[in-house]
Structures are given as C-alpha cells and as structure tokens.
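**Q** Sequence:
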Amino acid sequence: MCLSGGEKKVESLVARKVIVGVTGSIAAYKSAELVRKLKQRGAEVTAVMTPAASQFISPLTLETLSGKPVASELFPATRRPDILHISLAKWADLMVVAPATANIIGKVAAGIADELLATVIMATQAPVLFAPAMNTAMFSNPILTANISKLRQYGYQFVEPEVGELASGEEGKGRLAPIETILEAIEKLSSRSSELSGKKVLVTAGRTEEDLDPVRFLTNRSSGKMGYALASEAKSRGADVVLVSGPSHLPSPPGVRFISVRNAEQMSQKVKHWFAWCDVLLMAAAVADFRPRKKAASKIKKVRELSLELEKTPDILLEVKPLKGNKIMGLPGGSWTEWLYFSEPESRTPRKSPEAKDKKWANPQRY
Numbered sequence: 001m002c003l004s005g006g007e008k009k010v011e012s013l014v015a016r017k018v019i020v021g022v023t024g025s026i027a028a029y030k031s032a033e034l035v036r037k038l039k040q041r042g043a044e045v046t047a048v049m050t051p052a053a054s055q056f057i058s059p060l061t062l063e064t065l066s067g068k069p070v071a072s073e074l075f076p077a078t079r080r081p082d083i084l085h086i087s088l089a090k091w092a093d094l095m096v097v098a099p100a101t102a103n104i105i106g107k108v109a110a111g112i113a114d115e116l117l118a119t120v121i122m123a124t125q126a127p128v129l130f131a132p133a134m135n136t137a138m139f140s141n142p143i144l145t146a147n148i149s150k151l152r153q154y155g156y157q158f159v160e161p162e163v164g165e166l167a168s169g170e171e172g173k174g175r176l177a178p179i180e181t182i183l184e185a186i187e188k189l190s191s192r193s194s195e196l197s198g199k200k201v202l203v204t205a206g207r208t209e210e211d212l213d214p215v216r217f218l219t220n221r222s223s224g225k226m227g228y229a230l231a232s233e234a235k236s237r238g239a240d241v242v243l244v245s246g247p248s249h250l251p252s253p254p255g256v257r258f259i260s261v262r263n264a265e266q267m268s269q270k271v272k273h274w275f276a277w278c279d280v281l282l283m284a285a286a287v288a289d290f291r292p293r294k295k296a297a298s299k300i301k302k303v304r305e306l307s308l309e310l311e312k313t314p315d316i317l318l319e320v321k322p323l324k325g326n327k328i329m330g331l332p333g334g335s336w337t338e339w340l341y342f343s344e345p346e347s348r349t350p351r352k353s354p355e356a357k358d359k360k361w362a363n364p365q366r367y
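Take the sequence shown: its position 292, counted from the start at 1, is 292 in the working numbering, and no numbers get skipped.
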C-alpha cells in the first residue's frame, strides 16, 4: 500500500500501544508528524500534552491524526469511572516524550508529578524514551546533564538532539532529532521490550556484609553494577524481574521488584524463596565465602594481635541446584574474572574461557 508522497506503509509496530508525550517546546509541531508515522506503522497512539504544549500545537491536530482523544488534564472536567493517569500508564506498551523539555526531564528526575504527563511517566511500567529539544545553553547546563545521567541509571532511554539552527537563530546542539531517528529508536525499543515477554528472571547483585562486631564487618568492593544492569536489561526486554541485592549505592531499576538483603544467609533465604517462581536465575552478587564464626556482642577493643575464626557461608548455587530444573548462571568475580558457571541444571560445571574459544562464555566484568 502506498501513501501520499510515495511513502510505503511499514507495519513494524502493529498493535503496539504508544503514548506520545508532547511538552512546551517550539518543536512541538513536529509531534504531529511523529504521531502520523507511528500510525502508519500500525501503532495505536494516544497523545498526552502538558499545559504548555497547547501553546505550540492544537490538541485537535493530534486528536485528528491519532484517532483518539488527547489527554491533557490531571483532573478532567468530564467525570471518568477510572483513574486517568493509571489507566494510561497501564495501557501503554511504550512511551515517547518528543519533544522533551528541560522541565519535564527535571520533573521526572526529581520525582515530581504535578501534571498529567509527568504523572503517567511516574506510574507506567512501560519503557520510556525522551527526545530532548531546547536551546544549546539549556542543553549544556550541568543540572540537565546530571538529570539525564540520573534517568539513564533508572533505565530511561534518550535520543540525542542534533546540531542545527535553533528557534533563537543560533546554531548549536539542542534541535529535536529527526523524526525518522526517533522512530528507529521506538522500533528498536519496542522489539526488545517483547523478547522475554512472559519470562520470570531472578537476579542477585551487590556485595554482602558479614558482621564481626556491632560496628565492623567483612565485605568486598562489589558495586552491584553487573547485577543491576542484568535486571534492567531483562526488564527492558519484557521479563518479570526480581532483584535480590546486597548493599549498593545504585538506584533500583524501574519496574523491577526490589528485595534488599545484607548478608549471605539472608540472600540465600530470599533466593530459595523466589527460585520456585523464576525461569532463570542470574547470580551476579559478590557473596562472601566466609563469615566470622561468632559476632562479638560489643566493639572489639584495640589489641596488639587479633585472630579471627571464620566459617563458610552458604553456597547458594549448590543449595538451589537440586530444587528444580531452572537455568542458572553464576558470574563470579575476583582480581580478574575467569570462570563462568552454567547449569541446565544437571551440573555446576566451571567453564574457563580467557581465550573466548566458545563465544557464549565471554568474560563478564563485575566492577
């Protein structure tokens, strides 16, 4: 089927439900083209506008192109049987905010939900893609840079603006990315978001802390980055994810059920509890191999010499292996990472791959 201008209809987003968020930028008029091309690709589209967006583009334009009413009010004048922002958040398979102003990026980064679009973003479990558009001076502001970095850590996606002529007449970075570039990012995010649909993934991350006395403990330098990245990636591909984490300074990935533990025993209990639920277990936590045999009741005083009696902590992989036939992957760390344990589930066989003879067994990086 051909469309006006010789365009071919490519139904790459058939039946995908997409919310297009429109904010108060001079580039808001380009959102009409984005909505039109999403519809051409087979998507169901609902536009959500901020109050400022209506200063740049008419809601009627987006309503006509999308075929659905535009949502713009957190408390609409017409009474509804449902809660609007929750209904929209659950309806969407994917959200794209284009154009995204510094204001909406800052609100989401700060957890502020004082209008409909920000509230829907806060409530949705769907992937969210931002396409920033603003003056170069605003885009280069370190506060915005920090906000974008923060949102990336939480799993939000961004399409970089391009360098070009801006509304002020200046040349610089901040011009909304081309609509085709935004569409490519949407298609990529959409295809990835269904790869693991229906799968249940259990991930462990972070370090453990084994108490020596009320103020000291034995631990390691694991940051938790690998486990958090695995959890975020699995969620972005459509899996239901439970993340069991030891101490870490990282934010919990959005949409992931987060369970905090502190020591090896607690992690063992949580993993065994959730193991029956999961299809796949990814063990990326740096679990202590040993712990003090006895925890001192009070702070140990400074002495010339101190001998510590240690005992082994639970080997979580060995404990869960007999429970059922899940796929288990263990990613141990050290001064360098050499071993990858994989069970399916008949064995817990170490496979050494420093030379990457089998490319399935690439050396993971923990820190």
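The reader is advised that the hints may include incorrect statements.
Stated by the list, open to error - Calculated lysine-lysine pairs in the DSS-like style (CA-CA distance at most 27 Å, straight line):
{"#": "1", "residue 1": "K17", "residue 2": "K199"}
{"#": "2", "residue 1": "K200", "residue 2": "K68"}
{"#": "3", "residue 1": "K39", "residue 2": "K68"}
{"#": "4", "residue 1": "K173", "residue 2": "K150"}
{"#": "5", "residue 1": "K327", "residue 2": "K270"}
{"#": "6", "residue 1": "K272", "residue 2": "K327"}
{"#": "7", "residue 1": "K299", "residue 2": "K327"}
{"#": "8", "residue 1": "K173", "residue 2": "K225"}
{"#": "9", "residue 1": "K302", "residue 2": "K321"}
{"#": "10", "residue 1": "K301", "residue 2": "K272"}
{"#": "11", "residue 1": "K270", "residue 2": "K301"}
Claimed, not checked - Ranges between beta-carbon positions, derived for each pair:
{"#": "12", "residue 1": "K173", "residue 2": "D279", "range": "42 to 50 Å"}
{"#": "13", "residue 1": "H249", "residue 2": "L318", "range": "40 to 48 Å"}
{"#": "14", "residue 1": "S260", "residue 2": "A137", "range": "53 to 61 Å"}
{"#": "15", "residue 1": "S168", "residue 2": "T64", "range": "44 to 52 Å"}
{"#": "16", "residue 1": "S223", "residue 2": "P142", "range": "17 to 25 Å"}
{"#": "17", "residue 1": "G67", "residue 2": "E265", "range": "14 to 22 Å"}
{"#": "18", "residue 1": "E162", "residue 2": "E311", "range": "56 to 64 Å"}
{"#": "19", "residue 1": "Q55", "residue 2": "P214", "range": "41 to 49 Å"}
{"#": "20", "residue 1": "Q269", "residue 2": "S12", "range": "54 to 62 Å"}
{"#": "21", "residue 1": "K327", "residue 2": "D213", "range": "23 to 31 Å"}
{"#": "22", "residue 1": "D213", "residue 2": "I143", "range": "17 to 25 Å"}
{"#": "23", "residue 1": "M122", "residue 2": "L318", "range": "18 to 26 Å"}
Please keep in mind that the hints were generated in silico from the structure rather than gathered at the bench.
Ideal Cβ placement from N, Cα and C applies to all residues, glycine included.
**Q** Which hints, by number, does the structure contradict?
**A** 2, 7, 8, 9, 10, 11, 13, 14, 15, 17, 19, 20, 21, 22, 23
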